[in-house]
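Asker: Spelled out from the first residue to the last, the chains are:
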Amino acid sequence: MPNRVSTIAKQTFKTALNNRATLALTLLLGLSLGLATYVGWQNFKTQNNQRLHYKELVRAQWLAKPDKHPHRMAHYGYLAFREKHELSFFDFGIESFAGVSIFLEAHKQNTVNFSEAGFSNGMLRFGEISVAMVLQLLVPLLIFFLGYNSISAERESGTLKILLCQNVSWKQLLWGKTLGIIGVCLSIFIPLMLLTILLWASLSHWQISGDASLRLMILVFSYAIYFFIVSAVTVLVSAFARSSKSALTTLLACWIFFMVIMPRITQAVGVKIYPSPSKIAFADAIATDIHKQGDSHNPDDPHYAAIKDSLLKTYGVTDVKKLPFNYGGYIMAEGEKITSKIYSNHQKELNKIFEKQNSITKVAGFINPYLSLKHISMAITASDFNTFVDFQNQTEVYRYQLAQKMNKLQIDKISNIAPGEEEKPLAISKANWAEQPDFNYHFGKLSLVITNELLALSALACWLLATVMLLQYTTRWIKTI
Amino acid sequence: MKKSIYNLEFKLFFRNSSSWIGIIVLLITGVAGLYFGKTFIANQQAVIEKAAMLQKKNTLSNIDHFGKDIGLLFYHNKFSLANAPNAWAAFANGQRDINPYLISVTMLGLEGQIYDTDINNPVSLLLGNMDLSFVFIFLFPLVIIAFSYNLLSEQKESGVWSLLSAQTNRSFRVIWQKFLVRVAVIFSVALLLLFVAILYLHLPVDFIFFSITTLIIFYLAFWFAVSFFIISLAKSSNFNASALVAIWVLICIVIPASLNLFLTRKYPMPEALQNVINQREGYHEKWDMAKEVTMKPFFEHYPELKQYPFPQEKTFSWFWYYAMQQMGDDQAMPSRHAIENKLAARQRFTNTLAFFFPTIQTQLGINNMAGSDLNTHLDFQQAVRKYHEQIRWHFYPGIFLNKAVDSTDVKDYKLEKYSPQQTPSVWVNLLSISILTVILIGTTAFNFKRQEQF
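Chains as they are written, first to last, in my numbering: chain U, 1 to 481; chain A, 1 to 454.
Looking at chain U on its own, in the form it has when it is part of the complex (with noise of 0.2 Å):
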């Protein structure tokens, strides 16, 4: 039985690449997709080279600033780039259109600024193409031209009844054309993926650590089940169709509702309900709540005026100027703790609030393959949401570190009585830079990675089952003629 299924796979995938236009269209995607994957990996390598280039600067830089004022050096601040991971030369993602560097200073939270997009003349909203575009987009689309007929036309041409006489049953048909379908993809598939594992090895000096190997292992996977979905699909599609021209029709108006209406509809609902703050209204927010809790730069400030006085009972003195410590440091030090935390709240709220606008794509899913293959790959590939949020996150930490290293350096080194107008400003010695090491982003573990996707990937799941329960159960409601 199991015999017949191949024989027929087989004989699909003979016709298939026998006949020259579906050859030359195959050829020509292997192509594109070899192009694509050869520029893409050329792209990431100037781009992160470049990254890399201005990080060095930047820390060499902060090293041979000279002996300064400690609070001098939390405004002379520091640059963060977003590195890329090395995966991301096969999926780009959001990559484009998310930042790629931020200036981290004392008091002040700034944004990720240079996207890709930013420099875009409006050619980027056209899509980039990328390994990932390709397998997503594309290849759905040679399965539906290479199977939109894989039944009906033998229905068209009478060698159904014959092939069904001959103790061929529905099952065993509808399994060995998808599975033939599965091949002649497989074919571009599986030496586009040896060239990817290759040039992503180059990537990481031939250094494979076992997380990036788990990730391409999952990236496989899911692209091989959406090829069989897709495939599946495209087989049910055909064998349920009255024509071939009905079942080419149907699966061209799919590609192009799932493929190209349906993501911008699922995103700009979701931005509809889940209307997001624009930046002046979020600094508005967080003004207000800073004001609150207690505003250093109000002279009335009561937080700040309590902090005073119990200082100045703690260590019996009359004025801040006799503290054994340097008070402005103290209460710079204070401003800090009290303005990040609220500032990180409010980010919080505001990333749940973009988690929430995404929801509906993921939850679309469900609808959706590609909708669900695309989050899934994004995320293994690191070039998804919720790793640009992890980096801003990583950046506001090391922010906030090296405003309360520099407080740090004041409170103890600095002297509590300002020199004079005239004279020599304080400062202490260069050597304490060192001390603040550089910025270093760590990309997520991957099992945090699943499970930030656990939906994306049952919604995937869910589609592989139905497609292989359509092709076991379905067929008794199949017309043979």
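None of these hints come from the bench; they were simulated from the model.
Only a predicted model underlies this, so the values are computations on that prediction, with no experimental measurement involved.
From the three backbone atoms N, C-alpha and C, an ideal C-beta is built for every residue, glycine too.
Treat each hint with caution, since some may be false.
[As the list claims (entries may be wrong)] Which residues of chain U face chain A? A few of them, derived with a C-beta cut under 8 Å, are: (1) A9; (2) S101; (3) N110; (4) V168; (5) W170; (6) F385.
[As the list claims (entries may be wrong)] Each computed DSSO-like pair below joins lysine-lysine, with the alpha-carbon atoms no more than 30 Å apart: (7) U:K108 / A:K56; (8) U:K108 / A:K414; (9) A:K56 / A:K403; (10) U:K292 / A:K411; (11) A:K296 / U:K68; (12) U:K272 / A:K291; (13) U:K341 / U:K279; (14) A:K50 / U:K55; (15) U:K337 / U:K272; (16) U:K341 / U:K108; (17) A:K411 / U:K65; (18) U:K161 / U:K322; (19) U:K430 / U:K68; (20) A:K50 / U:K279; (21) U:K108 / A:K403; (22) U:K341 / U:K408; (23) U:K292 / A:K296; (24) A:K314 / A:K56; (25) U:K352 / A:K411; (26) A:K314 / U:K348; (27) A:K411 / U:K279; (28) A:K57 / U:K108; (29) A:K56 / U:K337; (30) U:K68 / A:K314; (31) A:K68 / A:K314; (32) A:K50 / U:K352; (33) A:K291 / U:K413; (34) U:K279 / A:K417.
Got chain U sorted already, so can you dock chain A onto it with the hints?
Answerer: Just chain A, lined up with the frame of chain U:
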């Protein structure tokens, strides 16, 4: 006689349920595009109004906190310029979601502030906006394809064609009539949507309206020409459908996306990162240098400011501070120009390519007309630079003379709105699309002629 034939063709067309589906899909997505496009722009307008309110509130609270020290006040106080959307921006949102439409800056170094982005959801940016221009550029061509791919092949496949050819030697006329019916229907739907857009988005019926309408009509005509060309090859329905969808995928997705990848590779933008570093170093390094290093170039930049006494002996003065900030901008000048040149090179490259690809051409043309493209944003940035310079000129003397805050008119500063200076034109876009359309129609006519001979 002729009129009744067209009547008949229209009846035939509307009897087919797939015709109605096509029209309804266009109308529904069109209305959705109008709705989401308008919502998006209405949101930006609301934000600008709120910003105008906050501008006043924040200035007053800054005066309250820092009013005793004029230098400190201007260290904190922000001035805002908004790139207010015009009515057409709701029609084509373009890059307005990516580029900030409201820039608030203090008097300090501008290069460190002007590139600050809005806070937005990168996933929404990736998936793109739903507006009416999307429906026109991406979905109309698909419906055109769906309506016309089987015009000739269906007749042949159903056997009607051989009957028809036997009866008349002008059988291609029938195809032409069927084709014209579809052209009429599609253009009616397009004009209907444009008419609804006028009412719903309050679009002014002006030069821009006629430019965009013409551009869209030309673009749709191009797609009809493509379909007609494929029909003229006289292949099967399935071949036509596959070929036309493949062409759509190529022109609307694969080619622009590949060109974009090529563009980013050919014109990378390290200058932007270099600019940040130049600005930061240009300012911060001055703290550790003699005041001369800052003041000499500063007075060369602003000879008029020499008249104000510079407190040389003081360790810190606002005069020195603002001059140091200025040095950040001045030292970032070369890299800033490098960015501008790179962007101009990118624009030239795209314009050349767009000549061969009507989809890119139409998209760029509409965004340009709607003021939602990159160039409008760059002009807006220039306006911010000008505004910033004005503010510096206006308040520097007060700060340098350490005057009381009340003596300045900072309270009167409101949010300013930027309005684009020149009206763009679409002649080049129209020209390129019409040339391609004419070439296609010519080839099609040639194909039909040849077939008629057999």
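Asker: Taking the hints in turn, state whether each one holds.
Answerer: Against the structure, the hints come out as follows:
1. Here the hint on A9 (chain U) is broken, as its CB sits about 23 Å from the closest CB of chain A, past 8 Å.
2. Annotation: S101 (chain U) was flagged as interfacial toward chain A, and the flag holds, the nearest CB pair being 6 Å apart, inside 8 Å.
3. Interface hint at N110 (chain U): satisfied, since its Cβ lies 7 Å from the closest Cβ of chain A, which is below the 8 Å cut-off.
4. Because the beta carbon of V168 (chain U) sits about 25 Å from the nearest beta carbon in chain A, more than 8 Å, this interface hint is broken.
5. With a least beta-carbon distance of about 24 Å to chain A, the hint placing W170 (chain U) at the interface is violated under the 8 Å criterion.
6. Taken as an interface hint, F385 (chain U) checks out: its beta carbon lies about 5 Å from the nearest beta carbon of chain A, inside 8 Å.
7. Only pairs whose Cα atoms come within 30 Å are accepted, and K108 (chain U) paired with K56 (chain A) is accepted, the gap being roughly 22 Å.
8. In summary, the hint linking K108 (chain U) to K414 (chain A) is supported, as the alpha carbons are separated by about 24 Å, within the 30 Å threshold.
9. At roughly 21 Å between alpha-carbon atoms, K56 (chain A) and K403 (chain A) fall within 30 Å of each other, so this suggested pair holds.
10. Taking the CA atoms of K292 (chain U) and K411 (chain A), the gap is about 25 Å. The hint holds against a cut of 30 Å.
11. This hinted pair checks out: K296 (chain A) and K68 (chain U) have alpha carbons roughly 23 Å apart, not beyond 30 Å.
12. Between K272 (chain U) and K291 (chain A) the alpha-carbon distance is near 54 Å, which puts this suggested pair outside the 30 Å criterion.
13. For the proposed pair K341 (chain U) and K279 (chain U), the alpha carbon gap of about 18 Å is at most 30 Å, so the pair holds.
14. A hinted pair counts as satisfied when its Cα atoms are at most 30 Å apart, and K50 (chain A) with K55 (chain U) does not qualify at roughly 38 Å.
15. Note on K337 (chain U) and K272 (chain U): the hinted pairing is violated, with a Cα-Cα distance of about 35 Å set against a maximum of 30 Å.
16. About 12 Å separates the Cα atoms of K341 (chain U) and K108 (chain U), which keeps this hinted pair within 30 Å; it holds.
17. Taking the CA atoms of K411 (chain A) and K65 (chain U), the gap is near 39 Å; set against the 30 Å cutoff, the hint is violated.
18. For the hint pairing K161 (chain U) with K322 (chain U), the CA-to-CA distance comes to about 102 Å; that exceeds 30 Å, so the pair is violated.
19. The hinted pair formed by K430 (chain U) and K68 (chain U) meets the criterion: a straight-line CA distance of about 7 Å does not exceed 30 Å.
20. A hinted pair counts as satisfied when its Cα atoms are at most 30 Å apart, and K50 (chain A) with K279 (chain U) qualifies at roughly 11 Å.
21. Using a Cα cut-off of 30 Å, the hinted pair K108 (chain U) and K403 (chain A) holds, with the two alpha carbons roughly 28 Å apart.
22. Taking the CA atoms of K341 (chain U) and K408 (chain U), the gap is near 18 Å; set against the 30 Å cutoff, the hint holds.
23. At roughly 45 Å between alpha-carbon atoms, K292 (chain U) and K296 (chain A) are farther apart than 30 Å, so this suggested pair is violated.
24. For the hint pairing K314 (chain A) with K56 (chain A), the CA-to-CA distance comes to about 34 Å; that exceeds 30 Å, so the pair is violated.
25. In summary, the hint linking K352 (chain U) to K411 (chain A) is not supported, as the alpha carbons are separated by about 37 Å, beyond the 30 Å threshold.
26. Of the supplied pair hints, the one linking K314 (chain A) and K348 (chain U) is violated, its CA atoms being roughly 44 Å apart against a limit of 30 Å.
27. Taking the CA atoms of K411 (chain A) and K279 (chain U), the gap is near 23 Å; set against the 30 Å cutoff, the hint holds.
28. This hinted pair checks out: K57 (chain A) and K108 (chain U) have alpha carbons roughly 20 Å apart, not beyond 30 Å.
29. Between K56 (chain A) and K337 (chain U), the direct Cα distance comes to roughly 28 Å. Compliance with the 30 Å bound is thereby established for this hinted pair.
30. Using a Cα cut-off of 30 Å, the hinted pair K68 (chain U) and K314 (chain A) holds, with the two alpha carbons roughly 17 Å apart.
31. With a CA separation close to 19 Å, the supplied pair K68 (chain A) and K314 (chain A) stays within the 30 Å bound.
32. Proposed proximity of K50 (chain A) and K352 (chain U) is supported: the alpha carbons are some 23 Å apart, at most 30 Å.
33. Between K291 (chain A) and K413 (chain U) the CA atoms are separated by roughly 26 Å; this keeps the pair inside 30 Å, and the hint holds.
34. Simply put, K279 (chain U) and K417 (chain A) have alpha-carbon atoms about 18 Å apart, close enough for the 30 Å limit, and the pair holds.
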